Amino acid sequence: MRQYLKIDLDKCTGCRACELACVESKKKVYNPKKSLIRVVLVSPYFYVPINCQFCEKPPCVTSCPERALEVDETGRIRIDKEKCIGCTWCFNACPFGAIVLDREENTVRICDLCDGEPECAKACPTGAIELATLEQVGGKNRILAAQKLISAQNLAGEILGGG
Amino acid sequence: MGRGYMGKILRINLTEDRITIENLDMRLAKKFLGGVGLASCILYKEVPPKTNPLGEENKLLFFTGPVTGTRIPTGRYVVVFKSPLTSILGWSSSAGHWGPELKFAGYDGLIVEGISPRPVYLWIDDDFVELRSAKNIWGTSTSETQSRIRKELGDEEIRVAAIGRAGEKLVRFASIINDEGRAAGRCGAGAVMGHKRLKAIAVRGTRDVEVADFDRVVQLMDEIYRIWKSEPFARSLTLYGTAAVTSFTSGIAAFPTRNFQSGFFPEWEKLSGPTLSKTLLVKKSGCFGCLIACGRISRIKSGPYKGMVVWGPEYEHINTLGAGCGNPDLQTVSICHQLVNEYGMDGITCGRVISFAMECYEKGILKREDADGLDLSWGNSETIIELVKKIGEREGIGDLLAEGSRIAAQRIGRGAEKYAMQTKGLEYAGYEPRGMKGMALTYAVGNRGGCHITTGMLYLDMGTMTWMYPVDSPLDPQVLDLEKVKAEVALERRYTVVESSVLCKFFAGIVFTPELMASILSAVTGWEIDAPEMDRIGERIWTLQRMYNVEAGISRKDDTLPERFFTEKLPNGFSQGQVIDRKTFDEMLDEYYRMVGWDENGVPTKEKVKELGLEELVRTRVT
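As they're listed, the protein sequences go chains L and F.
First residue of the first sequence? That's 1 in this note's numbering, and the numbers climb one at a time after it.
First residue of the second sequence? That's 1 in this note's numbering, and the numbers climb one at a time after it.
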């Protein structure tokens, strides 16, 4: 099942605790420039955390001249570190700027959702980051829409005693 | 390098356009940590206390600390200099993301010296450092400066700390603004920067910050999350921003009103956190790695400033530009808040000089014709906005008020001095010392003048809490006694360590115990620092700062408060009838001097200087 990070932009305060937690767990240092999730400030006051979107047609995979990148069964991008030569073609191809060049290993790195337990989501103080499947998010949105419809047509009035 | 330090200090000589890299002296780092501690020590060595603050010899020291840039919330920077507002040691600190970025660029600090022959800005891109022409941005506001520099350098993620027009025009309380709207506000760092013709410092850093005991830091972070989640005051700051404080101070009638004529503002609810959330607030904003995110972003809803985006408003501005000026309109406060940010000046001092002028007007000391025809009546929104602009431009009466209330009062004469609400030249923030008597001591002895946050006394007096000084039961805000003196002594040391680490006094003050703070320092630096050793470091820094001020001419006579607090009773609210008893105050000052090892004139004794390992540094003859 394809999972991704669902971001609530209203909740994000731009504190970058997610960036710090990512680098802490992956590299055991503190350096936001190496984070696989990055918070972008869009003037005047919007914060947008961006990581790998696990595209259905990932340009990073198709652009790799060494065939070092592939999509696994969960939709995550797997990097064959033996094959990767750190050329950064994938880096240029990614429309989200979500790829990091690891200068110690000379390979690229891409968010792997910490194998299902993303540190960034755990670190987020406002709960703006949530691990979800498309089905979960779709389901949640459908229920919200249905509830709005019911209240708009005042159907619940009779059942809930006007509540 | 590891151990929380990058090991390098950048020295920029503006007169000669010379940039050098120096190694961090680790022996000094062990004694003074970093941030305000290390920078005060370097200032003590390099800038004589009698230096003209607006002369070529003054320096600006931008310092991070060992914890800055790690995951421990929340990384800040401090700027230390001789203050043009107070003529003693000045410092100011700011959060956002600029401080950590400087560290990621590979530097623990910057020393800026000399005066540039033409306007410049500094560009630090890891190892690449250069001075660039600021010809095209001179004269622009702080936000415009930041965005133009990012555009010129072609990277929207560059962090910029800048001065605005107030700094260029040497307003004595000009600030430095970074990350849109975070301020190194107090003591006039922006004026020193403007005098050096340094418009901004732009930074991009890509290096690692490493700590001595990584696993321990990760563990401590778990503990920090746990305490943060259960701490109610942290929760109210998240919910309402610093504006949450309005309710606390109003409840005990310690919300300075009309230039400290009263501690109770009947319309305080219009200036409260919940009101802000319901009306102007559009976004909550957090500094680097912060879990609380007390920062607010608001938008003006109506009138000529409709649509203006405001980085704030913060509690202190709400008090000084609101109740302090008899103004209950949160929208006016917010407009002024953004204007002081754009001009780049300290909103606390700015609000207090305006309320000073308003009281002079009320008492007939200033006339309408002295004030460019403005009506300086309490609460006049248009006048308050107009005065902020005049001060920022040093235009008309603004030129006089731009000197700060102490100097302005001296120039006006005719008894105006009585209404300058300051200690050592620094105006008070939003805490009334007659209703919060611990604050009387904090204001009186603070090393940068009448500052509210050199200790966490305000938390004790408000009955919230500071884990930095746990107490069994809440202290009585209306009492000045030995317990408060003990708290002052402990807190000034601990908060000095927080500002040398460099962490946030809100976050650390609310969430960290001294033991936790000491564990953080040990884990990051690898030095064995327990709570008593941490207090010792704080005491060493505090004493050295005092020595600087003593050499600049400070003594017991300056450790005091304006006459008003000793003679005028608070007229209404919970604190009705409260006044500070002068005899008690003098006794407590004696007790304070005894506890910190200073003589009866407020000069650190020879034994104390030796005990703290300062004898090699200190040049004055001490008693």
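Think of the hints as simulated: they come from the structure by calculation, not from any bench.
Careful: at least some of the hints might be erroneous.
Said to hold, decoys possible - Covered stretches of chain F (chain L as the covering partner; in silico rule of three or more C-beta atoms under 8 Å from a C-beta of chain L):
#1 65–74
#2 447–454
What the hints assert, rightly or not - Straight-line distance between alpha carbons at most 25 Å, and here's what the computed DMTMM-like set of lysine to aspartate or glutamate pairs gives:
#3 L:K27 with F:E130
#4 F:K8 with F:E46
#5 L:K33 with F:E46
#6 L:K26 with F:E223
#7 L:K28 with F:E223
#8 L:K28 with F:E528
#9 L:K33 with F:D215
#10 L:K27 with F:D208
#11 L:K27 with F:D476
#12 F:K301 with L:D10
#13 L:K33 with L:D112
Being a predicted model, the structure only gives us computed values, none of them experimental.
Just so it is clear, CB atoms sit at the ideal spot from N, CA and C, and this is done for glycine as well.
Discussion item. Does L:D112 sit within 25 Å of L:K33, going by the straight-line distance between their CA atoms?
Written reply: Satisfied, since the Cα-Cα distance of roughly 17 Å is no more than 25 Å.
Fill in: Restraint check for F:K8 with F:E46, where alpha carbons must lie at most 25 Å apart
The hint holds at about 18 Å.
Worksheet entry | Check of the segment 65–74 of chain F against chain L for coverage (Cβ-Cβ below 8 Å, three residues minimum) | With 5 residues in contact (Cβ-Cβ under 8 Å with chain L), the coverage given for the segment 65–74 of chain F holds.
Practice prompt. With a cut-off of 25 Å on the C-alpha distance, tell me whether F:K301 and L:D10 pass.
Written response: Since the Cα atoms of F:K301 and L:D10 sit roughly 20 Å apart, the hinted pair holds (cutoff 25 Å).
Worksheet item: Holds or violated: are the alpha carbons of L:K33 and F:D215 at most 25 Å from each other?
Response: 21 Å, holds
Item to complete: Verify the proposed pairing of L:K26 with F:E223, using a straight-line Cα cut of 25 Å.
Response: 21 Å, holds
Discussion item. Against the 25 Å threshold, does the CA-CA distance of L:K27 and F:D208 hold or violate the hint?
Written reply: 10 Å, holds
Fill in: 8 Å C-beta test of the segment 447–454 of chain F against chain L, three or more residues
violated (count 0)
Worksheet item: Can the restraint linking L:K28 and F:E528 be considered satisfied, given a maximum Cα separation of 25 Å?
Response: 22 Å, holds
Practice prompt. Would you check the hint for L:K28 and F:E223, treating anything up to 25 Å between C-alpha atoms as holding?
Written response: OK: L:K28 and F:E223 at ~18 Å, within 25 Å.
Worksheet item: Is it true that the CA of L:K33 sits at most 25 Å from the CA of F:E46?
Response: Answer violated: L:K33 to F:E46 is near 35 Å, above 25 Å.
Discussion item. Hinted pair, alpha-carbon criterion (25 Å max): L:K27, F:D476. Please report holds or violated.
Written reply: 49 Å, violated
Comparing the model with each numbered hint stated earlier shows that hints 2, 3, 5, 11 do not hold.
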